[in-house]
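Number of protein chains: 2
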Amino acid sequence: MKLLEDKILTDGQVYPGGVLKVGSFLNHQIDVPFVNELGKEFYRLYKDEGVNKILTIEASGIGIACLVAQNFNVPVVFAKKNQTKNIAGEVYTSKVVSFTHGREYDIIVSKEFLGPDDKVLIIDDFLANGSALQGLIKLVEDSGAKLAGCGIVIEKGFQPGGDMIRKTGVRVESLAIIDDMTDDGQITFRS
Amino acid sequence: MKLLEDKILTDGQVYPGGVLKVGSFLNHQIDVPFVNELGKEFYRLYKDEGVNKILTIEASGIGIACLVAQNFNVPVVFAKKNQTKNIAGEVYTSKVVSFTHGREYDIIVSKEFLGPDDKVLIIDDFLANGSALQGLIKLVEDSGAKLAGCGIVIEKGFQPGGDMIRKTGVRVESLAIIDDMTDDGQITFRS
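Chains as they are written, first to last, in this note's numbering: chain A, 1 to 191; chain B, 1 to 191.
Bound conformation, chain A alone (with noise of 0.2 angstroms):
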């Protein structure tokens, strides 16, 4: 999508080691007529395969996720993170290593809240290596829901995460795949 590629581009900052900061626009300030616009497009991507829910993961994707989710008319709900209070039997739950900050850790999300009767869209702002990814597509399984596909804004095409989801049959739209990032800043695109 050119005009995410055009933002990345102009506010985007890379950092040595494969780090993309985006916090002015997408996951610590979140520009909102931008995002909206992200949204649409999720929307023309999705709209035909009848989603009655948006699933996200806290923090980063649940303002995304629900302005996506205004164009679908639909519910979001969000997996939580470390809610170890919960008694077992009342949630799904899936283990997400995050190998930013080195850790690994549980996803919860209510069995209230996600059921057979859910044709799921999952929405993420980042695709890396696939974990946190690989982890709400668990929770959407254990429930006996029914998945669309994944909704990406940015997708690390140099790290595994795209091409190991894709290989299972998912469905994964990504609106940007960076395909390389030089320690100098230079970012290339798939095309």
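Since the hints were derived computationally from the structure, they do not count as laboratory data.
Taking lysine to any residue pairs in the SDA-like style, the calculated list, with each CA pair at most 25 angstroms apart, reads: (1) 81/A x 95/B; (2) 111/B x 58/A; (3) 95/B x 24/A; (4) 47/A x 31/B; (5) 119/B x 34/A; (6) 95/A x 101/B; (7) 2/B x 74/A; (8) 111/A x 7/B; (9) 81/A x 58/B; (10) 81/B x 13/A; (11) 81/A x 19/B; (12) 95/B x 23/A; (13) 81/A x 110/B; (14) 21/A x 1/A; (15) 81/A x 25/B; (16) 111/A x 15/B; (17) 111/B x 13/A; (18) 21/A x 94/B; (19) 81/A x 129/B; (20) 111/B x 25/A; (21) 111/B x 31/A; (22) 119/B x 31/A.
Model the placement of chain B on the given structure of chain A, informed by the hints.
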């Protein structure tokens, strides 16, 4: 706001000790079309205040803040919790006490995203003891930004936060104020 009071009575769950669960529409599952109506009401209340930025706190404030922000056509900034990796000087920081979880934590906002040119509306889902809201107000003050006021979805009027903050001269608009909740589930709203 009658729409919200009705929703709380229909879908909220009261637990002993003044606990109100609204996870079915506000802070685990988000009823996006419904929250959009709350967003319009916050806009009606604050539209003449020159608001150019919405500030909230992760995680459950983010979705609501984004749905509010699109009425104002302005960005959202969300304060992050427990980010200890940030170098002093790059962020505004304040301390928040969570009575629910019985602990204290830091919240931070990057100095890039809040400053003297901003007129800020703070949005959050709940106001009870007021610690989170006080923390957010301090971030605004430290940044030199002006504060238009605070927009709260549900205020627990039987806890001291709302009165305490209004006494400092800050405008606080809560769409529903609960003056009493009994252990058997009766809810009394302030009229």
